[in-house]
Amino acid sequence: MLLSLAWRNLWRQKRRTLLTASALALALLLSLLTRSLQEGTYDSNIDNAARLSTGLIQIQHPEFRQSHSIDHLIPGSAPFIAPALSLTQVSMALPRLEACALAAGEHSSKGIVVMGVPPEQENHYSGLAARVIEGDYLKPGQILVGEGLARHLGLSVGDEMALYGQGYRGQTAAGLYAVGGIVRFAMPGFDSALAYLPIESAQHLFGTDGQISSWLIQPTGLEALSPVTTTLGELYPEQRVLDWETLAPEMSQQIQMDRAGGQFMIFLLYGVVGFGLFATLMMMTLERRREFAVMMATGMTRLKLVKLVMTESLFIGALGIVMGLAVALPLIAWFTRHPIRLSGDAARMMLELGWEPVMPMVLSVQLVADQIAIVMALLLICLVYPIIRIVRLKLVNALKGGDDAD
Amino acid sequence: MLIKLAWRNLWRNPLRTGILLATMVFGLTGVITLMGFLTGMYANMIDNAIAWQTSHLQVQRAGYRDNPELDRIIVSPTPILAALERHPRVAAVSPRFLTQGMVASARSTRGVLIRGVDPVAEALVTPVASHLIEGQWLDEHGRNPVVVSHRTAERLKLRLGSKVVITFSDHSGEVTGAAFRVRGLFQTPSSQFDDSNLYVRHGDLQALAGLEGVHEIAVRLTESNFRDSQDLDAVRRSLEPVSTAENRIDAWGEIQPMLASILSQSGVSNGIILGVYVTAMGLGIINIMLMSVFERTREFGMLMAIGMPKGQVFVLILLETTLLGCAGGLLGVVLSALLMKVLAHTGINLQMMAEGLAAFGVDTLLYPRVELTEYLMVFVTVAATAMIAALYPARQILRKQPVDAMSEKH
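The listed protein sequences derive, respectively, from chains A and Y. All you need for my numbering is the position in the first sequence, starting with 1, plus 25. All you need for my numbering is the position in the second sequence, starting with 1, plus 571.
These aren't lab readings, by the way, just hints derived from the structure by calculation. The C-beta atom is built at its ideal place from N, Cα and C for all residues, glycine as well.
What the simulated footprint calls covered on chain A by chain Y, stretch by stretch (three residues with Cβ under 8 Å from a Cβ of chain Y suffice, anywhere in the stretch; the number is not a length): (1) 44–52; (2) 135–145.
Some chain A residues near chain Y, calculated using beta-carbon distances under 8 Å: (3) Gln91; (4) Leu127; (5) Glu131; (6) Gly179; (7) Phe289; (8) Val298; (9) Phe303; (10) Ala304; (11) Thr305.
If we strip away everything but chain A, and leave its shape as in the complex, we get:
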């Protein structure tokens, strides 16, 4: 009975109901889009950046994170990594040898990072071969050079590049390599001091005797990250097991900052919409004082009246949520499949900051549930004062059409 009364009451003021619901829908739509976009971008960036640079989890020598020294190595052998690979939540393990060397072309030189990687596995993991813009992917005895570095040293495919530096335990590392290919990364600066060698060549150059700098461990998903990190820590007590947040604190904090900014914006938006909602509910109540008084005079209890007003408001809320979701969900679903690709200045800016200029969205039940909960909570908060007014309604005054309380 109450339900149908509430429903009918709503449509006595069609315009108002629709406008209030659409303000709620707009807030829901905007906040859902913003949050989905943010979380989607983070996921893709974590994955992208991690694959190319630090990986999601690394096993390293305890000193390596601080020193990045060629002296702080761990075994690169299959038996060493076997216990990690036997975990069900680990999908792959990738060895890398990372060291600094002076790279010299004909006229200039530059201190660079030499990355020794197993060509096939690395390509499988990070898709490195797809980033080759000239020449071929890693071949034995050849070096794959970052585009920025090649330009800096004036090198092109087929030229020779000398590497000179410090090897394992004070040996001199020196070698001459043919430039087999040139790679370009989306993030400028990333490829201006980076070159890849097949891991055997790198081990030979730096005389590491089969040792490597780190094992990159890929868990089956982002959610498996922390259990795997803990288990690995127990499996390799002699080494250090680090997750990407420790390996790349900059990125982790940028994500936190961006997330905080987005949430602040949404908070403001809900605030603005909340004031509007409050005003509407308040007017709805005050305007109908007389009607309420008549209902009470004919025997309706205050409790039932409060229930009626709450039901009406919940209907408005539900309507707003349905409208918001009806627009937001298909949009988000579309954008999860067809991510927005930025261009022009915005894209350049994202690249410079080390982010890919793609804006994928993620459709997460948690996000939707959170936003719906916020809308409902907002509605309840806005209802508090109108309900107090109803409870304190002075029957006789209200019937006369005069002021109700105080």
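Using the hints, position chain Y against chain A.
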């Protein structure tokens, strides 16, 4: 007369008017804080980049930035330096001898840009000498001193007085190098810069490279407002006659085009933020005005019946919301200006995000910045939105005949 009437009408229902005002003030303060924070962050990023990295202007050999070969030195730098010193808008000038190379300790190695500088001149152009966290800035004393960043020192495990080996290729392509002693440790707001730069005396570096001359002349101007390109252009024009075509004179925006595009980008994002709020606010205003108008249908009917032209009723309704919008906008702007004033004094501390900010080259203590034009823009937008939001409710009244309007019940 109408204005007075509209103003009085507003205060017949103080609760409603109060809520509307609160909505505007809340929204405005929030938007302005957000915009001020973003603008402050971008401005800080640009200021830092200019102060530490690009300076206002740089003179280099054409093509040096893309392919910094050791022998691409500036052609006849003496008249350029002399002209710069005479120019009234130039505060300081630092000639630099640069080369890419490696720095190594017993523990580790790292690739860096080795900046060979004149200690006195460099200290006047960049704030490096006053941002040492340990030790001293370079001077004429001692043999081969070097000032490295705190980050590099940590990675290489260096302390004051530690010995490092710096290697690079000289102009004939041979690897050369020498031992240097750590004289001081610096820290800039940008972790990227810290990771890849160190300072030595230009004389020491030139001796190792077997080459005289300079690769770069960094110029700091007296006027530090980076949005104003007038001074930059004036100095640049005065250099053109003394420099040859083989050299290039670039302003900071050309050295790091990113910085310039951040500026234009931040305007766009501020606009989007404002648009979103204004839409939400507009819906709220329409709704409330709609109620307010319908509640008073009889009253408007009466006004029309006693001879008020429809146009004037329309204007009356518009005036009410416009006044409301102006009042709300004014209150909001005043309140947020006060808030900005407080924040500009205390700053916003983001110590928790230090590493993330350092990657952008931003300080951890941020001062929000709001330009006068931005206040004006926000105010106008809000007032205009209020007026536009009233159009629909006002039209609903005009459709009615006075008789019907007067007999309306609710």
